[in-house]
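Chemist: Each chain, written out:
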Amino acid sequence: MANLQQTAAKGGEVSASSMAIIAPFAGWLLPGLGHFIQRKWIRGLLLMLAVFIMFFAGIGMQGKVYGFNTGDLLDILGFVGDVGSGMLYFIARTMDWGGGNIQRAVADYGTKYIVVAGLLNIIAAVDAHQIAIGKKS
Amino acid sequence: MTFELSHFTAAVIFAACASTVFGITQRNTPRDMMRYGAYCFALFVGGVIVAAWVMWAIKH
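For the protein sequence lines, the chains are A and B, in the order given.
Read in order, the letters of the first sequence are residues 1 to 137 in our numbering.
Read in order, the letters of the second sequence are residues 1 to 60 in our numbering.
I should point out that these hints are in silico values taken from the structure, not numbers from a laboratory.
Here the structure is a predicted model, which means the values were calculated and not measured.
Heads up, some of the hints might be wrong.
[Stated by the list, open to error] For each label pair, taking beta carbons as the anchor points, the in silico distance ranges come out as:
(1) B:Y39 x A:W41: 22 to 32 Å
(2) A:L45 x B:A38: 16 to 26 Å
(3) B:M55 x A:M95: 18 to 28 Å
(4) A:G134 x B:P30: 30 to 40 Å
(5) A:K135 x B:M34: 17 to 27 Å
(6) B:A38 x A:S137: 36 to 46 Å
(7) A:G100 x B:A51: 22 to 32 Å
(8) A:A16 x B:P30: 36 to 46 Å
(9) B:P30 x A:G100: 17 to 27 Å
(10) B:N28 x A:N101: 14 to 24 Å
(11) B:F8 x A:A16: 16 to 26 Å
Think of the CB as a built atom: it goes at the ideal place given N, C-alpha and C, for glycine as much as any other residue.
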């Protein structure tokens, strides 16, 4: 809060209340962006690397990227987790990555990697929100 | 782009990435972040090793 108020006082473009909405959304859309726009460069870079590595390692292990579905509960939760990766998820769906491969044991790890990448990105987006509202420095 | 990882390597990569995010998001100062990240990493990897020995003991 203090940082944003100082920024606003110095003629900054973004108020605290709008940053509280923009930061988590930006962080969800592109991992780390929510921290970058608040000038937390190193944290943003590390978060971005962590989510990118997990997501692309999952794709590399031929993990499955869940599409929207109303079937099995675990499939629905898998979709919710995957969507947490934001733009990475939509790129993967667009590029037709993540078809899965049930013949490889490692592919199942890949599926979990992709879901966890999304969940970690949601945690990072919430952290960006906490910074924006001043609960965290 | 496909690659084959061993179970342990996959667990270590998972632990490293998850610990990084946990460390950054759950603590306030850089020092605490690093300490908590290292703590989480040790617990992740230690848990894997303990679970592996437990499974070995059950099998034998």
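Chemist: A separate judgement is required for each hint: does it hold in the structure or not?
Modeler: Now for the hints, and whether the structure bears them out:
The beta-carbon spacing between Y39 (chain B) and W41 (chain A), approximately 24 Å, falls within the hinted interval of 22 to 32 Å. Between L45 (chain A) and A38 (chain B) the C-beta distance comes to about 19 Å, which sits within the given range of 16 to 26 Å. Taking 18 to 28 Å as the suggested C-beta distance range, the pair M55 (chain B) and M95 (chain A) does not conform, at roughly 37 Å. As the Cβ distance of G134 (chain A) to P30 (chain B) is approximately 18 Å, the hint placing it in 30 to 40 Å is violated.
With their beta carbons about 21 Å apart, K135 (chain A) and M34 (chain B) fall inside the hinted range of 17 to 27 Å. About 21 Å separates the C-beta atoms of A38 (chain B) and S137 (chain A), a value inconsistent with the hinted range of 36 to 46 Å. Checked against the given bound of 22 to 32 Å, the beta carbons of G100 (chain A) and A51 (chain B), roughly 25 Å apart, stay inside it. In this structure the supplied range 36 to 46 Å is violated for A16 (chain A) paired with P30 (chain B), their Cβ-Cβ distance being about 24 Å.
Taking 17 to 27 Å as the suggested C-beta distance range, the pair P30 (chain B) and G100 (chain A) does not conform, at roughly 39 Å. Look at N28 (chain B) against N101 (chain A): about 42 Å separates their beta carbons, and that is not inside 14 to 24 Å. The beta-carbon spacing between F8 (chain B) and A16 (chain A), approximately 45 Å, falls outside the hinted interval of 16 to 26 Å.
Violated hints, in rising order: 3, 4, 6, 8, 9, 10 and 11; the structure is consistent with all others.
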